[in-house]
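J.: The lines below spell out each chain.
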Amino acid sequence: MSVTVEDPRIVEFDVRTDEMLVNMGPQHPSTHGVLRLLLRTDGEIIHEVTPHLGYLHRCAEKIGENLSPVQWIPYTDRMDYLAGMNMNLGMSLAVEKLVGMEVPEKAMVLRVLIAELNRIASHLVGMGAYGLDLGTFSPFLYAFREREIILDLFEEVCGARLTYSYLTIGGATHDLPTSIPIPPGLASLTGRRQDEQVSWLDAVTMFLNWLEPRIKEYHTLLTRNHIFIKRTAGLGIMDREMAIDYGCTGPVLRGSGVDFDLRRDGDPIYTRMYDGYSFDVQFAPFKDAPREAVLGDNWCRFFVRMMEVVQSIRLVRQAIEKYPAAKGEYRVPFKMSTKLPKDEVYLETECPRGAMGFYFVGNDQAEPLRARAKSSCFCNLSPTAPLCEGFLLADIPAIVGSLDIVMGEIDR
Amino acid sequence: MTAEEILNLLVEQFGKERIAGANLEAIDPWVEVSPDAIADVARFLKTDERTQFDHLNNLCGVDYCEPDEKKQKKFGHEPHIEVVYHLTSYNLKHKITVKVVLARWKDGQVGSLPEVPTVSGVWKIADWHEREAFDLVGINFVGHPNLVRILCAEDWVGHPLRKDYEFPLEYHGIRGK
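Quick note, the sequences are listed as chains A and B, same order. Position 174 of the first sequence, counting from 1, maps to 627 under this note's numbering, and the rest follow consecutively. Position 7 of the second sequence, counting from 1, maps to 92 under this note's numbering, and the rest follow consecutively.
Bear in mind the hints are in silico, worked out from the structure with no lab data behind them. Predicted model, so just to flag it, every value in this text is computed and none were measured. Hints may be right or wrong, so weigh each one.
Stated by the list, open to error - Listed next, with one range per pair, are the computed distances between beta-carbon atoms:
1) Glu665(A) to Val96(B): 51 to 57 Å
2) Ala779(A) to Asn93(B): 40 to 46 Å
3) Gly553(A) to Lys156(B): 24 to 30 Å
4) Gln157(B) to Glu558(A): 43 to 49 Å
C-beta atoms are modelled at their ideal positions from N, C-alpha and C, and glycine is treated no differently.
Same shape as in the complex, but just chain A:
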């Protein structure tokens, strides 16, 4: 600055705070993985946000072009690794639609049961991690205690705790186990003996009975917490038009007031799985929202997820009731060398984080000509820049966290 002033005290008024470039990430704990946000800030105020993606890019689509669909299923686990079952399901349904395959009733009930159980686990992590973003540690511990039991139950089903590859084309790889040793976490929470044998379905029911009253506790712990409301309500507001324009799906879209859920409004091959189940689609505005909450803000997006946990519990209960009487086998065989017809299919399913789409182009070969995974988080992350601009630096974790992203799915 070359201005000369006679009175040195005036300098103070002449000083301009310069803009600063700050790299947030890729190792920042509250960016949920390896997202790098390049921020142009003026002090604490954000002027510009540029998200940089791709740190986890494996070009899974290229791999998919060189494998048959069954071989590609393990790669879908590693996209949204918090909801591997839902990813397996989406991909399997797309291939089944392409080859025109019918799945027995029992397999469908099993798929609803498993997918909704995984949705609960995924939303619990979403809740716990969002608490961490905002600086509260205890919800995270509670959420992981509950999720641990679901993972134990999944381990009894398929042997894996994170990357299941369980739901496959034509149904599932195994039937549900009949008798299992009770998961240690569940035993200690419900006061049972550690070495007790229970049926798998009973274990799930025991867990749901235990979880359901806890949801209210999470609301007192987090959702209705005064500090939490101050940090989330009225921030990161995305109205209906903006959410649709940016291609947002899932809880982010419903948090902006769109009544749309693929389990109800999606493709027939997907919605028929949910025929005969009763569940409500949760969308903002909520009657019991705090006064400060605005349609489409962080709080609404978070609350949609919490309410969906309750709905998923309902769905799992109904599936447990239906399972013993369901007709047919748990799968129909699908050969790895099955040739995909010369056609193409695009199918979206409702994953916990939004509408995950799979697009296959067949060419009379076992390997698809094109295997595309449209990521829901990729679209949900795209409005970050307009949402964050003009807010304080400390609000960025609150806004990005409320979008509930998983980088493995964005980068693929």
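For this one, chain A is given, so just place chain B on it according to the hints.
T.: Below, chain B without anything else, positioned relative to chain A:
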């Protein structure tokens, strides 16, 4: 609206030359649009009362090419690139697939990317999807505000989802094989 009604509406609006073809028997019925018309067609599909396609589900490029000469006979497609747009309307609950067919290289010159007008002004999400298609498939979206790589590193060479893409043997001293 059914796919047939949408096709008729588009032909009536834009004429047979600009609506290059359609396949209504496919699992997902699609309409093919000539490359120069896609921006207009996209805007029409989004804003018209009868269609209201406000949601762009997916935008991606597909490379139809078989680099292996022995397999070319069985391949059954002329070499070309398709840009595929999957659209849904939240209000009217109908969907359609729109395609644009491009040459693999502009003017037949290997290395110069085929061009298609951007639709990022119609749907905001197309911005990122087009960046991804540019990055991985190698399609130049003319008029895009910020057409840079999104998933691969900025200095990456080539477009990995092209069928004749050659995997690099070395990247900044990291050996690939």
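J.: For this structure, which hints from the list above don't hold up?
T.: none
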